[in-house]
Every structure is written in C-alpha cells, then in structure tokens.
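Enquirer: Heads up: the sequence lines are chains Z and H, in that order. Just so we're aligned: the first sequence equals residues 80 to 344 in this note's numbering. Just so we're aligned: the second sequence equals residues 80 to 344 in this note's numbering.
Because the hints were derived from the structure by calculation, they are not lab data. Predicted, not measured: the structure shown is a model, and the values here were computed from it. Any given hint could be a false lead.
The list treats identical chains as interchangeable, and a pair is accepted whether it falls inside one copy or across any two copies.
[Said to hold, decoys possible] Below, a list of computed lysine-lysine pairs in the DSSO-like style, where the Cα atoms sit at most 27 Å apart:
| hint | residue 1 | residue 2 |
| --- | --- | --- |
| 1 | K217 | K271 |
| 2 | K136 | K116 |
| 3 | K100 | K300 |
| 4 | K337 | K299 |
| 5 | K315 | K295 |
| 6 | K136 | K122 |
| 7 | K299 | K122 |
| 8 | K333 | K279 |
| 9 | K295 | K279 |
Protein chains: 2
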Amino acid sequence: MISVVLLGAGNVAYHLYKAFKKSNTIEVVQWYNRTLKSISSYKNEVAITDNLNTLKKADIYLMGVSDDSISSLSAALPFENRLVAHTSGSVSIHDLDKKNNRAVFYPLQTFSKDFELNFSEIPICIEVTEKDNLQLLKDLAEATNSKWYKINTEQRQTLHVSAVYVNNFVNQLYRIAHEISDAKSINFDILKPLILETAKKVQYISPYMAQTGPAKRNDKKTIKRHLKLIEDDEHKVIYELLTNSIKRTHGLMKRPIKRIQKKNE
Amino acid sequence: MISVVLLGAGNVAYHLYKAFKKSNTIEVVQWYNRTLKSISSYKNEVAITDNLNTLKKADIYLMGVSDDSISSLSAALPFENRLVAHTSGSVSIHDLDKKNNRAVFYPLQTFSKDFELNFSEIPICIEVTEKDNLQLLKDLAEATNSKWYKINTEQRQTLHVSAVYVNNFVNQLYRIAHEISDAKSINFDILKPLILETAKKVQYISPYMAQTGPAKRNDKKTIKRHLKLIEDDEHKVIYELLTNSIKRTHGLMKRPIKRIQKKNE
Numbered sequence: 080m081i082s083v084v085l086l087g088a089g090n091v092a093y094h095l096y097k098a099f100k101k102s103n104t105i106e107v108v109q110w111y112n113r114t115l116k117s118i119s120s121y122k123n124e125v126a127i128t129d130n131l132n133t134l135k136k137a138d139i140y141l142m143g144v145s146d147d148s149i150s151s152l153s154a155a156l157p158f159e160n161r162l163v164a165h166t167s168g169s170v171s172i173h174d175l176d177k178k179n180n181r182a183v184f185y186p187l188q189t190f191s192k193d194f195e196l197n198f199s200e201i202p203i204c205i206e207v208t209e210k211d212n213l214q215l216l217k218d219l220a221e222a223t224n225s226k227w228y229k230i231n232t233e234q235r236q237t238l239h240v241s242a243v244y245v246n247n248f249v250n251q252l253y254r255i256a257h258e259i260s261d262a263k264s265i266n267f268d269i270l271k272p273l274i275l276e277t278a279k280k281v282q283y284i285s286p287y288m289a290q291t292g293p294a295k296r297n298d299k300k301t302i303k304r305h306l307k308l309i310e311d312d313e314h315k316v317i318y319e320l321l322t323n324s325i326k327r328t329h330g331l332m333k334r335p336i337k338r339i340q341k342k343n344e
Numbered sequence: 080m081i082s083v084v085l086l087g088a089g090n091v092a093y094h095l096y097k098a099f100k101k102s103n104t105i106e107v108v109q110w111y112n113r114t115l116k117s118i119s120s121y122k123n124e125v126a127i128t129d130n131l132n133t134l135k136k137a138d139i140y141l142m143g144v145s146d147d148s149i150s151s152l153s154a155a156l157p158f159e160n161r162l163v164a165h166t167s168g169s170v171s172i173h174d175l176d177k178k179n180n181r182a183v184f185y186p187l188q189t190f191s192k193d194f195e196l197n198f199s200e201i202p203i204c205i206e207v208t209e210k211d212n213l214q215l216l217k218d219l220a221e222a223t224n225s226k227w228y229k230i231n232t233e234q235r236q237t238l239h240v241s242a243v244y245v246n247n248f249v250n251q252l253y254r255i256a257h258e259i260s261d262a263k264s265i266n267f268d269i270l271k272p273l274i275l276e277t278a279k280k281v282q283y284i285s286p287y288m289a290q291t292g293p294a295k296r297n298d299k300k301t302i303k304r305h306l307k308l309i310e311d312d313e314h315k316v317i318y319e320l321l322t323n324s325i326k327r328t329h330g331l332m333k334r335p336i337k338r339i340q341k342k343n344e
C-alpha cells in the first residue's frame, strides 16, 4: 500500500484523487489545499486540511498546484527527507526544495474538471533525484494502470511544448474550422468523424506518412481556390503558413522560414 | 437494389467499391478505368472495362476521379438523361456535363488505400440538380450505413477548406511535435493519448469550450519559455501565430492579423 498526501486542488490533483480512490494499492491519507472550500465536498471520504503543520506522514507528497506555487509550497513543507513530487510539465525537478527527496510525476494529458478520463490511457512521465525512489513512482503509475516513462527535466519541458502543438494548437484549428463552417450554416458535426480519424491514423502510422491533401500534392490550383474562399485574414495567414510548412516537410519547398527577432528578446 | 457503375480508380472509388460490396442493396455492375491495370485485381468479382462505349446501364454512374478529370469524363460519357455523380469536395455540380442528370456524393473523410475505413463513420454530403434524384442518393448513403447531409456546392467547397484545417494542418502539427520530440530522443508514443483525447473532446464540447493551455490562460512566462526552447524558426513562427490566434478567439488580444496581399493576386 502506498500512502499519498495530495497538495493542491487543481485539475490534475482532482483527477489524481479520482484515480487513486479507484486503486487498491494507493491510500490517499490526506488532502491539503490553501483554501478548504475547493476540497470540502470530499471531507467525508478523505481527511482534508488547510494547515501545512497538520500534514500526516505519507510515502509521497504529491503537488497538484500551479507552476508558480511549486517552489514556495515545497519550501514551506514542515518536514525533511520525505518524498515530494510535483506534477508539472514545465517546472524543473530542482525547483523543489532540496530538504526533501524530489520527484516529478507528470501525467501528459488534457484535464478539465468536468470531463472524465481513463487513467490507463494517460502516460506518466517520472523523474527522481534519488534512484531509490524510482520504484515507488513506477508503482504509483502502475496502480492507476498508466504507462510510465523515465523522462528528464529537459525532455519533459520539450514534451510540454510538443503538447501545446498537438493539443492547444490543434484545438484552435478545430475552432477555425468551426468558424468557417458556421459562417456558411454548415453543421460542425460533419467534420467530427474526420477530426477523429486524423487523430486515430497517427496512432499507427507516422504523421509524415499520414499526410494527404493539396499542400502535400503541391496542388496549386486548389490552394489558390481555397485562399479565395477564406474570408478572414488571420485564417488565410494560418492557411499559407501551414501549407508552406507541409511543402517543406515533403521536399516541395526549399526556402526556410526566417523569424524576425523581437527587440526585447 | 441500386445498380452502380464506378468510374475511376482513385482512393475514394476504391473505398466506395469496398463499402458497396458489403451492402445488400447496392450492386456494382461495372467498374471503368482509363487504364485496366489499376482495377484488374477485381476482375473476378466485377465487370471491368477501359472503354466508355461498353458502359452498362445503371441507376447511377459514380465518378471517383481527380478533380481535373471530372468535367471531361462527364462530357465523354456516350449517353444522356442518366444520373451521373462526382465525389469531389471542391468541384461544382455544374462542372458535370448537363446532358445527364447531375449529382454530388462527397464522403468527407481522409482516404488512403492501405488504411481500412468504417463507412458508417463517414458523413456523405449530397447535392442534386433534379430533386427527383435526392432519394436515390440518400438510399445510396444509407446502404453504406453513412449519415448524409444535404449540402450545396458553396457549402461543400467551404467544408473542403475546413477539412484542410482539421486534417492536413492538424496532421502537420502532429508532425512538428514529432520533430521536436525526436530531437530530444523522446518517444512519440507518449503524445498519442493526448492527440486522441484532444480529438475526442470536441466530439462532445465545442473547440471554444475545450481550449486550455498557456495561450488561453495568457500565461506569458510559459509562452516565453516555450519560445526559448523551440529551436526551429518555422516552428517558432507557427507557435506565435497560433498562440495569438487563441488569444484573439478568447478576447485576450484585440489587434487583428493583417495579411499582405501578394502581387499576382
């Protein structure tokens, strides 16, 4: 049995709590949050507190707080030589106060409070400063049926950037398609199977192999007609940039994009 | 029983053939292609021909050819007053020769020859010039268990543009994430569940509601750190453009993008 104290009440903490509750090998012995209100609805199933000085003993203290709070919260913990992990994709393991053993337990997935997730489909990126703690982190991941990967801080930060592309940016392309369709009274439902199929395809073949369409075919006529049909300037700029990106990936355009460095960089 | 003659051997024709063969209410009576070679492996299950003058009588002649060939092939058909449909997302219904009854049967999905598809998940956009033919098109779609939508040419062309965003451009973002991860020896598999979840989410909630991440939170610190981590100029430009697009969608940035008109437009 692994005993866990949860710290914080963000989306990740909430989903971890749900997943841990389902497991037979993890016990959430306490849930801490700065304000009790956000976790008070769980007070009948788990001990809750807003006072760091009343924290119980546990195998691991798992922080589901905002990136900015990780360093200060880990410094404020009133004990030493225990195992403390954060769950952030971008914060270094070394931002955790070194009075405790440090670890990262980063579930790479998109979390919203009102959207249930199957943890078995969430890869967990784990990192430790002391090798001895690796097994406990692995056990914790496996108890939620998750696949785990040993990932160092630099790799994790890179994954976090990649996740922005495949999640936030992809979602914004869905949004743009929604806007374009709405403007012509087209039911967005028509695009949903294509959205799903596009994501399914790269589960089996590489994005490079999966590519199709006018840019990949270098079909100038269709590209020109599309640009004429697109009314919004921003949508046009995105169309051109991603079309050129596809062309370069598939060797149809050699000229690289040059970015203009900004003054304050 | 609906009798169909297939014209052409592109990906769409190939997948339609497979779907029609499974149906009890559709009979593919003949398959025409300019060169027999591409369809010769089916000669034991269906009559094949490369001669338009030997085309059999059928309820509908369905063209799965390249956009550029639709007009000329429809003009070359040696009969009149029959029902001829193309399957293209971008070609007008009026590009079909008017000596026959005209229709469009456009399955909105990504097709590759070596990737099996479940037709019940493919929306079919149908359009007719003569109302009387609508029922046959609906029956054809339903025989493959597809959902059908009545979509006019302008809407269909708009859908085709939207499809480029949610399929080709989304796939290019997957590709960029693949490049970024590969550069740090990160297994691309780690990103696959997130890719799938992002697509699943918008099956139930709008892309607007589904958005999360640093751009939506206007988290300047993370955005700055990400831009520092991204090595490739093109990847940076795409990061900035889509970040700003998300900000504008969510009211965090007012300034619109202006596109510079090109000389030859």
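Enquirer: Of the hints given before, which are not true for this structure?
Expert: 3, 7, 8
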